[in-house]
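Visitor: According to the UniProt record's numbering, the sequence shown holds residues 1 to 73 in order.
Errors might be hidden in some of the hints.
What the hints assert, rightly or not - Calculated lysine-lysine pairs in the DSS-like style (CA-CA distance at most 30 angstroms, straight line):
1) K42 / K9
2) K46 / K9
3) K9 / K45
4) K4 / K45
5) K4 / K42
6) K4 / K46
What the hints contain is simulated information worked out from the structure, not anything from laboratory work.
Remember, predicted model here, so these are calculated numbers, not experimental data.
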Amino acid sequence: MERKWLIEKRGELTQQEAADLVGISRGAYANIEIGNRNPSVKVAKKIAEVFGFQWTNFFAEEVVETKQKRVAV
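Turn these sequences into a full structure, and let the hints guide you.
Guide: Put into C-alpha cells, the structure is as follows:
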C-alpha cells in the first residue's frame with residue numbers, strides 16, 4: 001500500500017534526491033515509498049530525520065511480510 005504521507009513529505013524532491021539524503025539506493029527508497037518494503041529501524045530513523053516526522057510511523061501501518069532464504073551453515 002502506497003505511503004502517500006511519505007510522498008507528501010518528500011515534496012518537490014525526486015526519489016533519487018531523497019534516497020541520496022537518506023543514504024540508500026533509489027530503488028530501495030522507491031520500494032519503501034510505494035509500500036513494497038518496510039525500512040529497517042536504522043533507515044526509518046534516517047528518513048524520519050531527513051523529513052521531520054516520527055520514525056515509528058512506518059511501523060504503525062500494516063506490516064509487509066518479507067521472506068528471506070536461509071543459508072545452511
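Visitor: Does each hint fit the structure? Answer for all of them.
Guide: The hints, checked one at a time:
1. K42 / K9: holds, 18 angstroms
2. K46 / K9: holds, 14 angstroms
3. K9 / K45: holds, 14 angstroms
4. K4 / K45: Holds. K4 to K45 sits at ~18 angstroms (cutoff 30 angstroms).
5. K4 / K42: holds, 21 angstroms
6. K4 / K46: holds, 18 angstroms
Violated hints are absent here; each numbered hint is respected by the structure.
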